[in-house]
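Listed below, chain by chain, are the residues.
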Amino acid sequence: MDKFSVFSARLVDKTENFTSGHRACQGCAEALAVRHVMKALGRDTIVAMATGCMEIISSPLPLTSWKVPWIHNAFENPSAVISGVESGMKAMMRKGKLPYKKINYVAMGGDGATADIGMGQLSGALERGHDFLYVCYDNEAYMNTGIQRSSSTPYGASTTTSPAGKVSIGQHTQKKNMAQIAVAHNVPYVATACSSYPFDLMDKVKRGADTPGAAYINCLSVCPTGWRIPTEDAIKYGRLAVDCCIYPLYEVIGGQYKLSYKPYKKVPVTEYIKGQGRFRHLTDSDIAFIQGQVDREWEKILKLCGEGK
Amino acid sequence: MAKPMEKITWQEIETGSVVTEIGNARQYETGSWRSERPVVDAGLCIKCGVCWLFCPDSSVKQAPDGHFEADLVYCKGCGICAKECPVGCITMVSEEG
Amino acid sequence: MAKVRKGIEVSIAMSEAVAQANVDVIAAYPITPQTHIVEHLSEIVAEGHLDAEYVPVESEHSAMSVCCGSAAVGARTFTSTSSQGLALMSEIFTIAAAMRLPVVMALANRSLSSPLSIWNDHSDVMSVRDAGWIHVFVESGQESYDHVFTSFRIAEDPAVMLPVAINLDGFILTHMIEPIEYEDDETIRKYLPDVKMKNALHPDSPVSMGCFGMPEIYTEAQMHRQVGVVNSYGTIVKAWQEWGDLTGRYYRPVETYRTDDADYCIVTMGSYGETAMEVVDSLRGEGEKVGVIKLRLWRPFPFEDFRREALGKKTLIVVDRAISFGGPGGPVASELRSALYGVPGAPKIVNYVAGLAGRDVARVDFRNIILEGKAKAEKGDTDGFTLYGVRG
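Going line by line, the protein sequences match chains A, B and C. Residue 308, in numbering that gives the first Met the number 0, is where the first sequence stops; the numbers in between run on with no holes. Residue 96, in numbering that gives the first Met the number 0, is where the second sequence stops; the numbers in between run on with no holes. Residue 391, in numbering that gives the first Met the number 0, is where the third sequence stops; the numbers in between run on with no holes.
If you are wondering where the hints come from, they were derived from the structure by calculation, not from laboratory data. One should not assume that every hint holds.
Claimed, not checked - Below are the DMTMM-like pairs computed for lysine to aspartate or glutamate, each with C-alpha atoms no more than 20 Å apart in a straight line: (1) A:66 / C:203; (2) A:66 / B:20; (3) A:13 / B:11; (4) A:101 / C:203; (5) A:235 / A:12; (6) C:197 / B:64; (7) B:82 / A:283; (8) C:313 / C:259; (9) C:347 / C:244; (10) B:60 / A:12; (11) A:100 / C:50; (12) A:94 / C:262; (13) C:197 / B:20; (14) A:96 / C:50; (15) B:6 / B:20; (16) B:46 / B:64.
Unchecked claim - Taking beta-carbon pairs under 7 Å as the criterion, some of the chain C residues facing chain B (in silico): (17) 175; (18) 176; (19) 206; (20) 375.
Unchecked claim - Pulled from the structure, derived: some chain C residues nowhere near chain B, Cβ distances all over 12 Å: (21) 1; (22) 35; (23) 38; (24) 98; (25) 197; (26) 215; (27) 219; (28) 227; (29) 244; (30) 274; (31) 277; (32) 382; (33) 386; (34) 389.
We put the CB at the ideal spot given by N, CA and C, even for glycine.
Could you put together the complete structure from these sequences and hints?
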């Protein structure tokens, strides 16, 4: 398990392609994820980013945290913008208007940009098979506008538009499974990742970027502000999400599922839920219900990965 | 060095509001946000770099002797480094007194 | 190489012009009456006559988004849409202009729903009037063909860097078969050099595009845009002049027909100009001192050219193709009233809105509009607008 070895940190590339001076909240594991992703991609990369936290905090005119060519256009369209970037570069290189260079074309957005407003555009770009990587930084709500629910918000979470109340549990729908939706497009590479597992995340980013054709990575990005947890616990909760199996880490390469990490001991979901303010209102029976869901989904993933009983 | 936004005239705007000075956000010092700062016990530090790897603000640097410490120009004081340090050599200390 | 004259559908000629312009990326979504343009372009690409990426997107919103991406890397980029398609992409339409991305669009003008209608008027383009694009209106197949080249030349000029919409009336122009003179590729190459974009996205010279603007800087960014659009006028006129010198076909921001001694003029934009000229000829035979003023350039609005043509006339009868609901009149008439406000000796303006969603406006209708408009002006009845031919 090299990926999880402590001293490997020193082997990671020191170059920062996403610089300090960005204005993300304290303890933002989404900014951390961007940092890791950009380390894995390196400088020969063009990024198209959706409107959202990461765009706002990294590009207040006249400043930018980006050291690679970066374009933001609108909320829902990074997949279409990167389609244009890739198509334009491909055509110009083929026609001799530009010298050939291997470039990573990468679109990024939050879960709102990905699972909600930009869903059609992502589907279009995946289906057309542009040579690009899409990274969804999934912090499970519209954090930039003030913690409103998205279709990626998990069941039971209280947000500003799915508040828990006397007659409401908060979010009453199931988290949309974007990785599975990407898989349904038959793209060559799909993975789930989390910035609490940086080596795994960076490996997957490299693999996704190196895969010819469209690749999709869903990166769970803990948001202390929106999840209402202490800032220092951002890494811990990502780890717990994986250890309790509510957010399994896996890859789907050419349609073949592969589990990236199987917890030595499956942590009860209550360990993950109990410290988070967004779940504070949940009762024991609510948590038991969620545990049942997690167990069923985990079994499905194990089976898909050939690790079933 | 980019001018402060409130000093920029329209003639100084690049066509399309493009920013050509990449990574210039480093002139914005987020260290002033901090209410607590991480203090490293260099003697205990095993120089593993976990704090560096998990810093969302890339604000951990390596000292000449190899131990890691916070770059207080950018450190926002989130405390992740202290929490994640495998040997517990980082303590968060209040900036007030 | 010689020019070739072909009897051809305007949409086909336009797409062949796009191929001659050696475009790199075409992104489009099908919508009537733009379809023939993009169908033929995809065929040209499929047959290998044009080396380009044809991106068959899943919506117009994506079409313009793809165009933004490809223009941002310095690729020559073309798209085409109409009506609801334009409405759907309007968010990105504005951003393309703000980010100064030199996309060229054939905008096959069509009415906006509802009721759903596929036929021509100008309600689509008027909905994006203030987005910051350069808008040109053409009135014939030849003009449609020619303006593909001039529009790329203008859009990609380093001093301009703005998207250009070539407005052509849906069906009335797009589906018309006309004799069109083609220029040879050599002429086009000479006129239209490859794109040289200063801040294209490339890892060798990274830049950040589309940044976030606080109130402290947003106003300056808008001023930069405003000056950019206004200053594009000089490049536009020069590009048209050079095209004329090469081909013998000259274009001007405001064009006129028999206006020298005219007391009153009908003002049109788009394909109505041709019918208006025929009607003016026949009215001239009856002793009416009437002429035609045609607006070719809609944005940047050619204030000086227009005033030069308008001053000295008694009355302008403005035919609009869209309604500004609850507003002061059709968008063109409002613009002209504003351009002439406070100008001593300015002509009276009578406004008609006609030909909505392809309602036929025949010569007899133009004749009615001109004579009735003249009479209204003489009575001082110049407020608001008349919806020509409405029943009830």
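To see whether the hints hold, each was checked on the structure:
1. A:66 / C:203: Distance of about 11 Å is within 20 Å: holds.
2. A:66 / B:20: Roughly 9 Å between the alpha carbons, so the hint for residue 66 of chain A and residue 20 of chain B holds.
3. A:13 / B:11: Distance of about 34 Å is beyond 20 Å: violated.
4. A:101 / C:203: 12 Å, holds
5. A:235 / A:12: This hinted pair is violated, its Cα atoms lying about 23 Å apart.
6. C:197 / B:64: 45 Å, violated
7. B:82 / A:283: Not OK: residue 82 of chain B and residue 283 of chain A at ~28 Å, beyond 20 Å, violated.
8. C:313 / C:259: Status holds; Cα separation ~13 Å.
9. C:347 / C:244: At roughly 37 Å apart (the allowed maximum being 20 Å), residue 244 of chain C and residue 347 of chain C break the hint.
10. B:60 / A:12: Holds. Residue 60 of chain B to residue 12 of chain A sits at ~13 Å (cutoff 20 Å).
11. A:100 / C:50: 19 Å, holds
12. A:94 / C:262: Cα-Cα ~56 Å, so violated.
13. C:197 / B:20: Holds, at roughly 14 Å.
14. A:96 / C:50: Cα-Cα ~12 Å, so holds.
15. B:6 / B:20: 17 Å, holds
16. B:46 / B:64: Holds. Residue 46 of chain B to residue 64 of chain B sits at ~9 Å (cutoff 20 Å).
17. 175: Constraint on residue 175 of chain C not satisfied, violated at 37 Å.
18. 176: 40 Å, violated
19. 206: 5 Å, holds
20. 375: 44 Å, violated
21. 1: Residue 1 of chain C clear of chain B: closest Cβ-Cβ about 40 Å, beyond 12 Å.
22. 35: 33 Å, holds
23. 38: Fine: 32 Å to the nearest Cβ keeps residue 38 of chain C off the interface.
24. 98: Incorrect as stated: the minimum Cβ-Cβ distance to chain B is 5 Å, not above 12 Å.
25. 197: Given that some Cβ of chain B is not farther than 12 Å from that of residue 197 of chain C, nearest at about 7 Å, it is violated.
26. 215: At about 4 Å from chain B, residue 215 of chain C fails to clear the 12 Å cut-off, so the statement is violated.
27. 219: 4 Å, violated
28. 227: 7 Å, violated
29. 244: Consistent with the label, residue 244 of chain C stays out of reach of chain B, its closest Cβ about 28 Å off (over 12 Å).
30. 274: 40 Å, holds
31. 277: 44 Å, holds
32. 382: Consistent with the label, residue 382 of chain C stays out of reach of chain B, its closest Cβ about 38 Å off (over 12 Å).
33. 386: 41 Å, holds
34. 389: Holds, since 44 Å exceeds 12 Å.
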